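Chemist: Sequence:
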Amino acid sequence: MLEGLIDRIPMIFAVAIPAILAITMHEAAHGFVAMWRGDDTAWRLGRVTLNPLRHIDPLGTVVLPAVMYFTTGFVFGWAKPVPVNFGRLHHPRRDMVWVALAGPGVNFVLALVSAIIWGFTSPQGGATEMWFRAALEVSVLVNVVLMVFNMIPLPPLDGGRVAVGILPDALAFPLARLEKYGMLILIGAFFLLPFIGRELGMDLSVFSWVLGPPVDYMIELIRILSGN
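Residue 1 is where the sequence shown starts when you use UniProt numbering, and the numbers rise one by one after that.
These are calculated hints, taken from the structure and not from any lab test.
Remember, predicted model here, so these are calculated numbers, not experimental data.
Treat the hints with caution; some may be incorrect.
Said to hold, decoys possible - Distance ranges between label pairs, derived from CB positions:
no. : residue 1 : residue 2 : range
1   : Ile185    : Asp216    : 22 to 28 angstroms
2   : Leu45     : Ile224    : 26 to 32 angstroms
3   : Asn51     : Pro153    : 26 to 32 angstroms
4   : Ile196    : Trp43     : 40 to 46 angstroms
5   : Pro92     : Gly182    : 17 to 23 angstroms
6   : Arg94     : Met202    : 41 to 47 angstroms
7   : Leu193    : Lys80     : 25 to 31 angstroms
Glycine is no exception: its CB is placed at the ideal position from the N, C-alpha and C atoms.
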């Protein structure tokens, strides 16, 4: 068992490094844009930084992804959300949209840059280059999944904040009130339903239904834009 774990260490790092970078850049981008638009809350709390230790949530960034990787092969987690006082933004409702879009926007850029660099590597390279290629492939996938997942239009996800910022009041206010239930809804949809489905012999994989098509589309778009 120990030998098997040791053999997997390079791949663990090939997954962990891009994932930590994706999460760190995502959260830092929220803080940078919030500060640019007038709210320095994240700055005062030391969250406008590229130091991953400032954004890591012990349970969501370390324990849960590790347990899921070794038990299911699938990785899911979260970082500590960057605190934003939307009332301090120059134009709270409009600027909330820009703050929310910053995280997924950075993930798109990271995925595209990773794909471009991947195009300059060789599939016939040595062990180090092959590891680097694998890490770049993981980077594309992780950043695309993180981007698409966060754009689900349900608060507290970024897509939910974008929707609240652009929808008419009659739709925005009821949606905003869902924020306190948002994580419970997501956990139920992405984990509880698939578990129930497996017990009943049914495919209730909301992840595949909701995220699969847009993830495939974005990966293909990045492949085209990167020239690969």
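Chemist: Each hint needs a verdict: does it hold in this structure or not?
Modeler: For each hint, the structure was consulted:
1. Ile185 / Asp216: 22 to 28 angstroms: holds, 24 angstroms
2. Leu45 / Ile224: 26 to 32 angstroms: violated, 40 angstroms
3. Asn51 / Pro153: 26 to 32 angstroms: holds, 31 angstroms
4. Ile196 / Trp43: 40 to 46 angstroms: Taking Cβ atoms as reference, Ile196 and Trp43 lie about 44 angstroms apart, which means the hint holds.
5. Pro92 / Gly182: 17 to 23 angstroms: At roughly 20 angstroms between Cβ atoms, Gly182 and Pro92 fall inside 17 to 23 angstroms, so the hint holds.
6. Arg94 / Met202: 41 to 47 angstroms: holds, 43 angstroms
7. Leu193 / Lys80: 25 to 31 angstroms: Given range 25 to 31 angstroms: holds, Cβ gap about 27 angstroms.
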